[in-house]
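So the chains spell out like this:
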Amino acid sequence: SQKIEQNSEALNIQEGKTATLTCNYTNYSPAYLQWYRQDPGRGPVFLLLIRENEKEKRKERLKVTFDTTLKQSLFHITASQPADSATYLCALDWDSGYALNFGKGTSLLVTP
Amino acid sequence: NAGVTQTPKFQVLKTGQSMTLQCAQDMNHEYMSWYRQDPGMGLRLIHYSVGAGITDQGEVPNGYNVSRSTTEDFPLRLLSAAPSQTSVYFCASSYSGTYKDAYFGPGTRLTVL
Chain A
1 SQKIEQNSEA LNIQEGKTAT LTCNYTNYSP AYLQWYRQDP GRGPVFLLLI
51 RENEKEKRKE RLKVTFDTTL KQSLFHITAS QPADSATYLC ALDWDSGYAL
101 NFGKGTSLLV TP
Chain B
1 NAGVTQTPKF QVLKTGQSMT LQCAQDMNHE YMSWYRQDPG MGLRLIHYSV
51 GAGITDQGEV PNGYNVSRST TEDFPLRLLS AAPSQTSVYF CASSYSGTYK
101 DAYFGPGTRL TVL
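If you read the sequences in order, they're chains A and B.
My numbering puts the first residue of the first sequence at 1, with every later residue one more than the last.
My numbering puts the first residue of the second sequence at 1, with every later residue one more than the last.
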């Protein structure tokens, strides 16, 4: 069965450092991969989408890499801030992209 | 645009009661879906729709019904609520084009006693 794995342990880092979150998947040949942010009590918010033919994508302080050989995506937040503290979710397509299949998310805590 | 709206925000039901969770979007998105989120389980897909009149099951469809009579609305029905359906429910919508990013509603927190 298709599986998406994210580190279940919370990631604690100091303000200003780079946070790196990992998403691994099995039994998928995804055309793209997405990252979302979720704050407590709120719905997920889309951050970035990277396609299978893209190795890297950037948006402001965010960078995503996609290695289809390793079946892995890395999500980086550079110069992290306490406001970046949230849960970050990795998502792949469900049934040819009609919906999404999510990993369980990784909680990030950035301390001053 | 209001985006994706969900009502109610909170609901408490007794076992065996029925109710409908409402979801509406004003972005003319063709794709809509329902997820439930439980601690330690992440977001799991319940049902989804690719357009008016077309629905399909996701990972955890048992105990839930959906219909899609208009592009805007995608209600989720619990016919006989069970304590195992206590969860936070999110509705999402997206375009059918090459950008698959989804827009989520604020969620409904449901407790079944």
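By construction, these hints were calculated from the structure, which means they are not laboratory data.
Note that CB positions come from ideal geometry on N, CA and C, so glycine has one too.
Warning: the hint list may mix true and false statements.
Claimed, not checked - Which chain A residues stay away from chain B? Per the calculated CB distances, all over 12 Å, these:
1. 2
2. 6
3. 41
4. 69
5. 85
6. 101
Said to hold, decoys possible - Straight-line alpha carbon distances no greater than 16 Å define the calculated EDC-like cross-link-like pairs of lysine to aspartate or glutamate that follow:
7. A/3 - A/60
8. A/71 - A/39
9. A/57 - B/59
10. A/104 - B/56
11. A/63 - A/93
12. A/3 - B/59
13. A/104 - A/9
14. A/59 - B/38
15. A/3 - A/15
16. A/57 - A/67
17. A/104 - B/38
18. A/71 - A/54
19. A/104 - A/5
20. A/17 - A/84
21. A/71 - A/5
Honestly, which of those hints from before does the structure not fit?
-> Violated hints: 1, 2, 3, 6, 7, 8, 9, 10, 11, 14, 15; rest satisfied.
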